[in-house]
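K.L.:
Here is what each chain is made of, one letter per residue.
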Amino acid sequence: MARVADPHAMAPAKAGPTRTAPPRMPPEFPLQGRYRAYTLFDATGAVYLLLGLLALRLVWALGSGDAAWRSAMESLGNPLYLLFHALAFASVLFVGVRFFRLFPKAQPPKIGPLRPPPQPVIHALLYAAWLAVSALMIAILAGGIFG
Amino acid sequence: MKQLLLRLEPLIWLLFGQGILIGTILLTGWVLVVGLLAPLGLVSDGALAFERAHRLAAHPIGRLVLLAIVALPLWKGAHHLRSLAIDFGGGHRDAAVATLLYAIATVGSLLGLVAVARL
Numbered sequence: 138m139a140r141v142a143d144p145h146a147m148a149p150a151k152a153g154p155t156r157t158a159p160p161r162m163p164p165e166f167p168l169q170g171r172y173r174a175y176t177l178f179d180a181t182g183a184v185y186l187l188l189g190l191l192a193l194r195l196v197w198a199l200g201s202g203d204a205a206w207r208s209a210m211e212s213l214g215n216p217l218y219l220l221f222h223a224l225a226f227a228s229v230l231f232v233g234v235r236f237f238r239l240f241p242k243a244q245p246p247k248i249g250p251l252r253p254p255p256q257p258v259i260h261a262l263l264y265a266a267w268l269a270v271s272a273l274m275i276a277i278l279a280g281g282i283f284g
Numbered sequence: 382m383k384q385l386l387l388r389l390e391p392l393i394w395l396l397f398g399q400g401i402l403i404g405t406i407l408l409t410g411w412v413l414v415v416g417l418l419a420p421l422g423l424v425s426d427g428a429l430a431f432e433r434a435h436r437l438a439a440h441p442i443g444r445l446v447l448l449a450i451v452a453l454p455l456w457k458g459a460h461h462l463r464s465l466a467i468d469f470g471g472g473h474r475d476a477a478v479a480t481l482l483y484a485i486a487t488v489g490s491l492l493g494l495v496a497v498a499r500l
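Which chain is which? The protein sequence lines are U and A, in order. Under our numbering, the residues of the first sequence are numbered 138 to 284, in order. Under our numbering, the residues of the second sequence are numbered 382 to 500, in order.
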C-alpha cells in the first residue's frame, strides 16, 4: 500500500482553483522498479559528501607539510578506507553513466538562436570528456606525466 | 529560512549540477589512484611523494582542480541528501535539514579555499 506523501510536495506557491487529491508515494518507492536507480542515485550523495570531506583532509594535510601528508596517505591504507573508496568508485561510475544518459534529454530545444547538437552527439561528447579527463588525471597522479 | 533557500535555489542548483558533472569527471581518476591504487601499492613510490604532490597541487591549475574536487562533491552530496530526506517523509523538517547540509557544504567549500590557498 502506497503511503501518503508529504502534503506540501509539489505544492504551488498559491493554491489554485482546482482541488486535487493529496499526493501519494508510488508503490514501487523506494527500491523497486525504476525507483531503485532513482533512490540509489540520490543516496550517492552521502558518498560524494564524504569524498569532498576526505579530499579536504588530504589537501589540508598537503599544506601542513611532509609528515602530515605522509600520515594522511598512510591512513588511506586502512581497510575501511579501501572499502569506502571501492564503494565510492562504483558510485562515481554509476552517477556518471546515469547522469550522462539523462543530460542530453534535459537540454532545451533552443538556446538563444542555436539548437543544441543531437542527443547522441552530446552523449558521446560527455563520454569523451569523461574518458579524456580521467586518463589525464590517472596519468598525472600515477606519475606517468609531469614527473 | 524557507524563503532564503528558495532565493538561493539557482546558486544551489548550479553548484549541485557542477558537482554531478565536473565532480564526477574529476573524481573518477582521483578515487581510483589516490583512494585505491596508491594505498594498494600499485603506483610508483614517488608518484604521490610530498615534493611531487605539493609541486603539482601548488600550480594554479592544480589548486583549481583540487578546489573543485573538494567543493563540488559537497554540494552534490548536500542537495541529493536533502532530496532523499524529503522523499523519505522529511518534508516538514526540510528547512532544518537543508540548512544543516548546505552549511556543511558552505563551510567545507570555504575551508577548501583556505586549504588550496595555503599550499
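Calculated from the structure, these hints are not laboratory results. By construction, the Cβ of each residue, glycine as well, lies at the ideal position given by its N, Cα and C atoms. Keep in mind that a hint or two might mislead.
Quick look at which bits of chain U chain A covers, simulated, 3 or more residues with Cβ under 8 Å [as the list claims (entries may be wrong)]:
id, segment
1, 176-184
2, 208-217
3, 222-236
Just a few of them, taken from the derived set where beta-carbon distance is under 8 Å, the chain U residues facing chain A [claimed, not checked]:
id, residue
4, His-145
5, Met-147
6, Pro-149
7, Glu-165
8, Gly-189
9, Val-196
10, Gly-200
11, Asp-203
12, Ala-261
13, Tyr-264
14, Ser-271
15, Leu-278
16, Gly-280
17, Ile-282
18, Phe-283
K.L.:
Minimum Cβ distance from His-145/U to chain A below 8 Å?
P.N.:
For His-145/U, the interface hint holds, since the closest Cβ of chain A sits about 6 Å away, which is under 8 Å.
K.L.:
The segment 208-217 of chain U covered by chain A? Criterion: 3 or more residues, Cβ-Cβ distance below 8 Å.
P.N.:
holds (count 3)
K.L.:
Please verify the coverage claim for the segment 222-236 of chain U: does it have three or more residues whose C-beta sits within 8 Å of some C-beta in chain A?
P.N.:
As far as the segment 222-236 of chain U goes, the hint holds, because 9 residues have Cβ atoms under 8 Å from chain A.
K.L.:
Minimum Cβ distance from Gly-280/U to chain A below 8 Å?
P.N.:
holds (3 Å)
K.L.:
Close enough to count: is the Cβ of Tyr-264/U nearer than 8 Å to one in chain A?
P.N.:
It is violated, given that the least Cβ distance between Tyr-264/U and chain A is near 10 Å, above 8 Å.
K.L.:
Met-147/U was flagged as interface toward chain A. Is the shortest Cβ-Cβ separation under 8 Å?
P.N.:
violated (10 Å)
K.L.:
Double-check Gly-189/U for me: the hint is only fine if its C-beta lies closer than 8 Å to a C-beta in chain A.
P.N.:
The hint holds - Gly-189/U has a Cβ within 8 Å of chain A, the shortest such distance being about 4 Å.
K.L.:
Using Cβ atoms only, decide whether Leu-278/U comes closer than 8 Å to chain A, and label the hint accordingly.
P.N.:
holds (4 Å)
K.L.:
With chain A as the partner, please determine if Ala-261/U meets the hint condition of a C-beta pair closer than 8 Å.
P.N.:
Violated - the Cβ of Ala-261/U stays beyond 8 Å from chain A, reaching only about 15 Å at its closest.
K.L.:
Hint validation: Ile-282/U versus chain A, beta carbon distance must be below 8 Å. Holds or violated?
P.N.:
This hint is violated: Ile-282/U lies away from chain A, its Cβ roughly 10 Å from the closest one there, beyond 8 Å.
K.L.:
Going by Cβ atoms only, is Asp-203/U closer than 8 Å to chain A?
P.N.:
holds (4 Å)
K.L.:
Quick check on the hint: Glu-165/U CB to chain A CB, less than 8 Å?
P.N.:
With a closest approach of 13 Å, the Glu-165/U hint is violated.
Hints 5, 6, 7, 12, 13 and 17 from the earlier list are contradicted by this structure; the remaining hints agree with it.
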